[in-house]
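Peer 1: These protein sequence lines map, in sequence, to chains E and A. Just so it is clear: in the first sequence, position 26 is 26 by the working numbering, and no numbers are missing. Just so it is clear: in the second sequence, position 155 is 155 by the working numbering, and no numbers are missing.
One thing to keep in mind: the hints can contain errors.
As the list claims (entries may be wrong) - Lysine-lysine pairs mimicking PhoX-like chemistry, simulated, CA-CA at most 20 angstroms apart:
#	chain 1	residue 1	chain 2	residue 2
1	A	Lys200	E	Lys79
2	E	Lys126	A	Lys133
3	A	Lys144	A	Lys200
4	E	Lys200	A	Lys74
5	A	Lys90	E	Lys133
6	E	Lys198	A	Lys175
7	A	Lys200	E	Lys144
8	E	Lys108	E	Lys74
9	A	Lys23	A	Lys90
10	A	Lys200	E	Lys94
11	E	Lys79	A	Lys144
Honestly, the hints are just simulated from the structure, not real lab data.
Now for the letters of each chain:
Protein chains: 2
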Amino acid sequence: MLKKFIFLFSVLFFVVCLDCWEKRKKAFLVRLSRDRCIGYFDEEMYGLVSIINSHPLMYTTSCCSGRISMLEVKNPWTKLNARVIGKWHKKTEKEEVLEKISLYEGKKEPNLWIIVQPPIIHVSCKNLETASKLVVYARNSGFKESGIFFANSKRVMVEIRSSEKTSIPLVLNGKKMLNEQNFNELIEYLNNLLENLKLKIERLEKNFSNLQN
Amino acid sequence: MLKKFIFLFSVLFFVVCLDCWEKRKKAFLVRLSRDRCIGYFDEEMYGLVSIINSHPLMYTTSCCSGRISMLEVKNPWTKLNARVIGKWHKKTEKEEVLEKISLYEGKKEPNLWIIVQPPIIHVSCKNLETASKLVVYARNSGFKESGIFFANSKRVMVEIRSSEKTSIPLVLNGKKMLNEQNFNELIEYLNNLLENLKLKIERLEKNFSNLQN
């Protein structure tokens, strides 16, 4: 009798869990469609996100294809009191950056930073095996900082991320850090970096198309 | 007969696996003692590493308490053809950095970077539950980029890492990027950052001492 009860309870538990994850996947796919409609989705990620979502044991929960941004903040890794004062998904312009720097010169606080944020994707996987495989694929495709950041019996969350994050101080304690004479060089470097990150997304997309179900 | 065989095989498999992980832990602890004797171990990590290793289901495989370094390399996230030309575990000095910059001015290749590398620890866990708990503890202690980067039936590998990594270009394509007039400000910022990272290790050590076996 007890054995029967345990068996039935296990089956019921399994079905409920299965249902939960599937339901969450469906809800996220609906949200993704809605976000696309209202222009709230990063279109450069659509190919990659579609491939991941076509896998029956995975779905994406958030993503960003990478960008250059200017942040008004003491330290760029803390979001507390940070203010984005410029954001570029393609190229940034020297004049625009210089103009913003001039507004911060002489101001003791906050500091001013220019940052390149590499692509990032969060994926919910149904089990550890799928998540581990995804991490290995991502790392082998050059997304070296990928890993599982949360795991329980209901889901395993993977962060796919590459290591090109670059944070450069423009103004620290009101003092200009950069040599404006050679500013062209820096802007060119940052724009090239962002362009290469977009190519890296395409390579990841190609590699992921081999992910077996 | 078949059932008996499967049962015996499972028990044997389990014992062998157990033995393997325990053996690896022992070997790593021996290596750690040897590394300490020959001064090959980062002493600032000893307290934290000892706490992790005292847990029966974890052991550390490598660690670094963080440092400031100067790298001769095109991009600081690729190790290919990178050459470390300066490394400081405590404070760096303005004059030393300026002297090295002058050697690279006018050289088309390679670029020159100054980098703050935050603390990093790799931990082998015996199972997913232990690894997940470790990741949650590390993230809640401010090591926000921690995660599981490898998992199979034999071990689950965790990387504990914080997000303060800072890479600043000093010379790009032979051109000096920084305003030397305000160089004191930058050096002070980097030295303070490194000091704060060491305090962060101490906080992690305190939080980890609550990790239940």
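Peer 1: Next step is simple, just say for each hint if it's right about the structure.
Peer 2: Hint check:
For the given pair, lysine 200/A sits about 18 angstroms from lysine 79/E by alpha-carbon distance, which is consistent with the 20 angstroms threshold. Restraint check: the Cα-Cα separation between lysine 126/E and lysine 133/A comes to about 19 angstroms, which is no more than 20 angstroms; the hinted pair holds. At most 20 angstroms may separate the alpha-carbon atoms for a hinted pair to count; lysine 144/A and lysine 200/A meet this at roughly 12 angstroms. Taken as a hint, the lysine 200/E and lysine 74/A pair is honoured in the structure, with Cα atoms around 17 angstroms apart against an allowance of 20 angstroms.
Between lysine 90/A and lysine 133/E the CA atoms are separated by roughly 39 angstroms; this puts the pair beyond 20 angstroms, and the hint is violated. Of the pairs offered as hints, the one joining lysine 198/E and lysine 175/A is violated, with about 26 angstroms between alpha carbons and a cut-off of 20 angstroms exceeded. Between lysine 200/A and lysine 144/E, the direct Cα distance comes to roughly 24 angstroms. Violation of the 20 angstroms bound is thereby established for this hinted pair. Among the hinted pairs, lysine 108/E with lysine 74/E is consistent with the structure: their alpha-carbon atoms are about 10 angstroms apart, no more than 20 angstroms.
About 36 angstroms separates the Cα atoms of lysine 23/A and lysine 90/A, which puts this hinted pair outside 20 angstroms; it is violated. The straight-line distance between the Cα atoms of lysine 200/A and lysine 94/E is roughly 37 angstroms, outside the 20 angstroms bound, and the hint therefore fails. For a cut-off of 20 angstroms, the pair hint linking lysine 79/E to lysine 144/A stands: about 12 angstroms separates their Cα positions.
In summary, the numbered hints that this structure violates are 5, 6, 7, 9, 10.
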